[in-house]
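Novice: With the hints as extra help, turn the sequences into a complete structure.
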Amino acid sequence: MTAKYAYYPGCSLHSTGSEYDISFRAVCERLGIEIEEIKGWICCGTSPAHCTSRLLSLALPYENLRLAGDMGFTEVVAPCAACFARLKTALHEVNEDPKIAEQVSEALTAPLPESMNVLSPLEVFGNGADWTAAVRRSLSALKVVCYYGCLLTRPSKVMQFDECEYPMTMDNVLRGLGITTLDWSYKTDCCGGALAMTRTDVVLKLTHDLLEQAQIIGANAIAVACPLCHVNLDTRQAEVEQEYGTKYDIPIFYFTELMALAFGLSPDKLGLKKHFISTDALLSGLSEK
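Per our numbering, residue 1 is the first one in the sequence shown, and the count goes up by one each step.
FYI, nobody ran anything at the bench for these hints, they're computed from the structure. For clarity, every value in this text was computed on a predicted model and none was experimentally measured. Don't take every hint at face value.
[Stated by the list, open to error] Each pair of labels, with its calculated beta carbon distance range:
no., residue 1, residue 2, range
1, Y244, A281, 16 to 26 Å
2, T246, E37, 37 to 47 Å
3, Q103, A133, 47 to 57 Å
4, A110, S185, 41 to 51 Å
5, S138, M71, 23 to 33 Å
6, Q103, D130, 21 to 31 Å
7, K269, S185, 30 to 40 Å
8, P111, M197, 20 to 30 Å
9, M197, Y244, 35 to 45 Å
10, S18, N117, 40 to 50 Å
Glycine residues also receive a C-beta, built at the ideal position from the N, C-alpha and C atoms.
Specialist: What follows is the structure in structure tokens.
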């Protein structure tokens, strides 16, 4: 039976993180996984909502879950780590507190869906399935560090995804496609995403630490699962190099881009030209299987 999910792209995947959307859709199509974008979806609220109003921070994501339920779905896949976190948090708080559930229902002027589950694409692709038959291109020359960021696994009681401090799902998915991933201790460190506009100095320091450690252990690429992480590591890399007098030139990929490349999709069709750090040199000479 073909897996089918409601798809919540969130604001980033329709704007700054469009490459994530493109590659996620392409991988799903190649693997026969059906996704349907939630009709009329709205912003999940991210940081501004939960800094403003607890009820708003729960009602916004829950409206998207309600819309998915109206379409007949019980499972929603949310690629953006921030969206994933807000949707999971809303589910958790409503399920834990009947009073909160009542308030959210009143705010939405609609009953809440009784059964709903929110998944990261890593859970969809890392469910134990063997995708090696779909591999059309060798990426064995890549030495990747998988950067999960601070939102995918925390807090563990809410997210219930992988091992909180040292997750391996992304590593296992990529290794299963013949891509070498390196062990490193910065998998879940923060890149400063929410401080990107207000405390650039903090973001540069955190981003520098991540890039420095990736370079030290010999990585020639970083894989991410969060649009905010991608923006900080990719678009700010030149600024970090200038600030710290270093040179990294490490391409930043969404893990779905690496999957799509392994499945034989064209780099041009995946939007890799949007990346600030060019992927051309690293991907030149890739061999088809």
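Novice: Are the hints correct? Go through all of them and say.
Specialist: Here's how the hints hold up against the structure:
no.	hint	in the structure
1	Y244 - A281: 16 to 26 Å	22 Å, holds
2	T246 - E37: 37 to 47 Å	41 Å, holds
3	Q103 - A133: 47 to 57 Å	49 Å, holds
4	A110 - S185: 41 to 51 Å	45 Å, holds
5	S138 - M71: 23 to 33 Å	39 Å, violated
6	Q103 - D130: 21 to 31 Å	45 Å, violated
7	K269 - S185: 30 to 40 Å	35 Å, holds
8	P111 - M197: 20 to 30 Å	38 Å, violated
9	M197 - Y244: 35 to 45 Å	21 Å, violated
10	S18 - N117: 40 to 50 Å	26 Å, violated
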